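*Asks:* The task is to assemble the complex, starting from two chains supplied on their own in separate frames and drawing on the hints.
Those sequence lines, one after another, are chains A and B. Quick note: the first sequence, position 246, residue 246 per my numbering, numbers continuous. Quick note: the second sequence, position 18, residue 18 per my numbering, numbers continuous.
These are computed hints drawn from the structure, not numbers from a lab. Treat the hints with care, since some could be wrong.
[Claimed, not checked] Here are the computed lysine to aspartate or glutamate pairs in the EDC-like style, where the Cα-Cα straight-line distance is at most 20 Å:
no., chain 1, residue 1, chain 2, residue 2
1, A, K256, A, E297
2, A, K206, A, D131
3, A, K14, B, D65
4, A, K300, A, D254
5, B, K3, B, E29
6, A, K14, B, E69
These numbers come from a predicted model, not from an experiment.
Each chain is listed here by its residues.
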Amino acid sequence: MDRFTVFAPRLVEKAEYFTSGHRACQGCAEALAVRLVMKALGRNTIVAMATGCMEIISSPLPTTAWNVPWIHVAFENASAVISGCEAGMKVLMRKGKVPEKKINFVAMGGDGATADIGMGQLSGALERGHDMIYVCFDNEAYMNTGIQRSSSTPYGASTTTSPAGKVSIGQRTQKKNLPQIAVAHNIPYVATACPSFPFDLMEKVKKAANIKGPAYVHILSVCPTGWRIPTSDSIRYGRLAVDTGVFPLYEVVDGKYRMTYEPQKLRPVGDYLKGQGRFRHLKDKDIEEIQRRVNQEYEKIISKCGGM
Amino acid sequence: MAKPMEEIKWQELEPGAVVREVGNAREYETGTWRSEKPVVNADECIHCGVCWLFCPDAAIHQMPDGHFEANLTYCKGCGICARECPVGCITMVAEEEE
Numbered sequence: 001m002d003r004f005t006v007f008a009p010r011l012v013e014k015a016e017y018f019t020s021g022h023r024a025c026q027g028c029a030e031a032l033a034v035r036l037v038m039k040a041l042g043r044n045t046i047v048a049m050a051t052g053c054m055e056i057i058s059s060p061l062p063t064t065a066w067n068v069p070w071i072h073v074a075f076e077n078a079s080a081v082i083s084g085c086e087a088g089m090k091v092l093m094r095k096g097k098v099p100e101k102k103i104n105f106v107a108m109g110g111d112g113a114t115a116d117i118g119m120g121q122l123s124g125a126l127e128r129g130h131d132m133i134y135v136c137f138d139n140e141a142y143m144n145t146g147i148q149r150s151s152s153t154p155y156g157a158s159t160t161t162s163p164a165g166k167v168s169i170g171q172r173t174q175k176k177n178l179p180q181i182a183v184a185h186n187i188p189y190v191a192t193a194c195p196s197f198p199f200d201l202m203e204k205v206k207k208a209a210n211i212k213g214p215a216y217v218h219i220l221s222v223c224p225t226g227w228r229i230p231t232s233d234s235i236r237y238g239r240l241a242v243d244t245g246v247f248p249l250y251e252v253v254d255g256k257y258r259m260t261y262e263p264q265k266l267r268p269v270g271d272y273l274k275g276q277g278r279f280r281h282l283k284d285k286d287i288e289e290i291q292r293r294v295n296q297e298y299e300k301i302i303s304k305c306g307g308m
Numbered sequence: 001m002a003k004p005m006e007e008i009k010w011q012e013l014e015p016g017a018v019v020r021e022v023g024n025a026r027e028y029e030t031g032t033w034r035s036e037k038p039v040v041n042a043d044e045c046i047h048c049g050v051c052w053l054f055c056p057d058a059a060i061h062q063m064p065d066g067h068f069e070a071n072l073t074y075c076k077g078c079g080i081c082a083r084e085c086p087v088g089c090i091t092m093v094a095e096e097e098e
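If we strip away everything but chain B, and leave its shape as in the complex, we get (with noise of 0.2 Å):
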């Protein structure tokens, strides 16, 4: 786990600020900045991928049962999956305020 930015000393940096965990973007959960989720109804969902395939944010995977459904963690909210959905079975749906 990285330790945030503002806690790394300079001297604990490796020369040339090398990252040698591969891939820990994943901590940084960019779920947060959305204001619309996508909601997938899966019994109209026709297993087809175009949402996962279209996804800048590789936030889509597959359930189970073959349907697909957002990772909120990292979803964005842009909303390209309801766009894109051959079938239009994802709705946006603003997030409720807390």
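With the rest of the complex left out, here is chain A (with noise of 0.2 Å):
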């Protein structure tokens, strides 16, 4: 953590709208990005869920983790329920049933709802221009029912359905490239973000807030019980994911591309790799070959931050 930010939080809002008690596992940075989202949007919020992990930890009945209305509807339509909601709730204001206020519209999914069974409905929501922000928590794959792949698990990624042995590497394809998929909608807001660097994070969510239309946040949240590291070490990781350049931390502002946190040499991608469970199996080789493709990225995100 850098010197000048020590002090930072005590700038940040008290209020926890996302209450202790839930049931995630320990260390979950998920959880913790969740907390983080929730104090940068605040009390006028309301938030649609899909399934997966936060919506199974935060609401068990009969007690919920929300102190703001909440829904957990089905893995596909949390981006379209929330339309829904902000449709509503614009007709319920200009007709003086509701008085009229700024609500924040927030759809929350995992990253198996996001990429690969919300797919369709969030380009609807994204297409159809309602005010409201998509966050995405993206844990690299179905951890909730038992570290499954999906379609956001990165390359050589050990998993239940993509097991690591003599003749497999693990996962197979490439990570799906979700935040370039909104940026493809022309949507006014798209950003990156984990919460290993909270101030960024919640600066971002603010953001996306007073903007208005679609916006759509991914964030980063590192699974020590999937990853197969030490519980303590998540934020660790998620801060060496952007030092290593596999995650950049950028926002794109009706098109504009701007780097918001840029290590000033990145590290060895294997620093990032070695320690994580899913990854042991990995020869030279293929930390190479991961190392080759994430420079390759990473150079198409700076060329694209340096044409504006």
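*Replies:* Structure representation (structure tokens):
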């Protein structure tokens, strides 16, 4: 953590909208990401959440960890339901049945709900231009049901449905680039964030809330259970993902790219891969291949940021 | 206070299984999951709040004298606070067996 940010936590909102007592695993950075997102959004928020880890751990009947109106909907339609909420509230405000005020409409989903199952509905909601935010918590597999691969799982990761062994390297396909898909919808705001950089994350969410029209925020959420790392290291691995260039932090405002955090020199990708149990079968030549791919993707983003 | 799930009859459930009490997950004490607890050295603590910001369970609070302390009712003992503390004033200590 940088020195100048050490005392900044005092300035952060003190109220908790995602309370203690939720059932997330020890060291869950996704629960931390939800907590920070809610801190940034504040009280006037309606959340629709797709099925996934965060839904399961926050709302086992009869308890709920939410201090804001919250609805659980099926895997595919979080973005469709929040579109309906937004349209409905707009009408109620116009008719004077609800006092006029600024409400943040937020849909949340995991990478499975976003990249695989809810892709079409997300695309529809972005295209219709509702004033909403979609937050994707990307932990790179279906962790809730026991670590099955999703289309957001990176190349080489071992999961229960893409196990590594004598013949298989684990996941054989590359990670789906969701932020780029959102950018392709020409929406006003797209950003990537990581809870290891909390101020950056909260700033982006606030920006997304203040922009009129659909916004998409993609958050890398480290999962100690699925990534097979010690629970205390989940913040550290998020930071490594950014410092190695695996997950660059950038934002796209009206089609203009900007890097929000640029490491002075990228660390070798091995630093990020070596400690994780899901990558431990990788040989040096596999890591070289991943390094080549990461450099290529990183240069693409840098060139887009430079081309302003 | 919400009843435990096994004591609730189906007639008592609201239509759509709506929960009207906000944030009542607080009644579920996740502290019982813990095998190690964070111990803060209050003299070394610089009152920065990094541990509070990074706690996934929102289980850290500020004491009246300014230093931060974990709420052991909810702390799951993940050790993020001890790892991220910039001055290293938090140590994880194994829970004693009863």
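*Asks:* Does each hint fit the structure? Answer for all of them.
*Replies:* Okay, the hints, checked on the actual structure:
{"no.": "1", "hint": "K256(A) <-> E297(A)", "verdict": "holds (18 Å)"}
{"no.": "2", "hint": "K206(A) <-> D131(A)", "verdict": "holds (14 Å)"}
{"no.": "3", "hint": "K14(A) <-> D65(B)", "verdict": "holds (17 Å)"}
{"no.": "4", "hint": "K300(A) <-> D254(A)", "verdict": "holds (18 Å)"}
{"no.": "5", "hint": "K3(B) <-> E29(B)", "verdict": "holds (14 Å)"}
{"no.": "6", "hint": "K14(A) <-> E69(B)", "verdict": "holds (15 Å)"}
Going down the numbered hints, you'll see the structure goes against none, and every one checks out.
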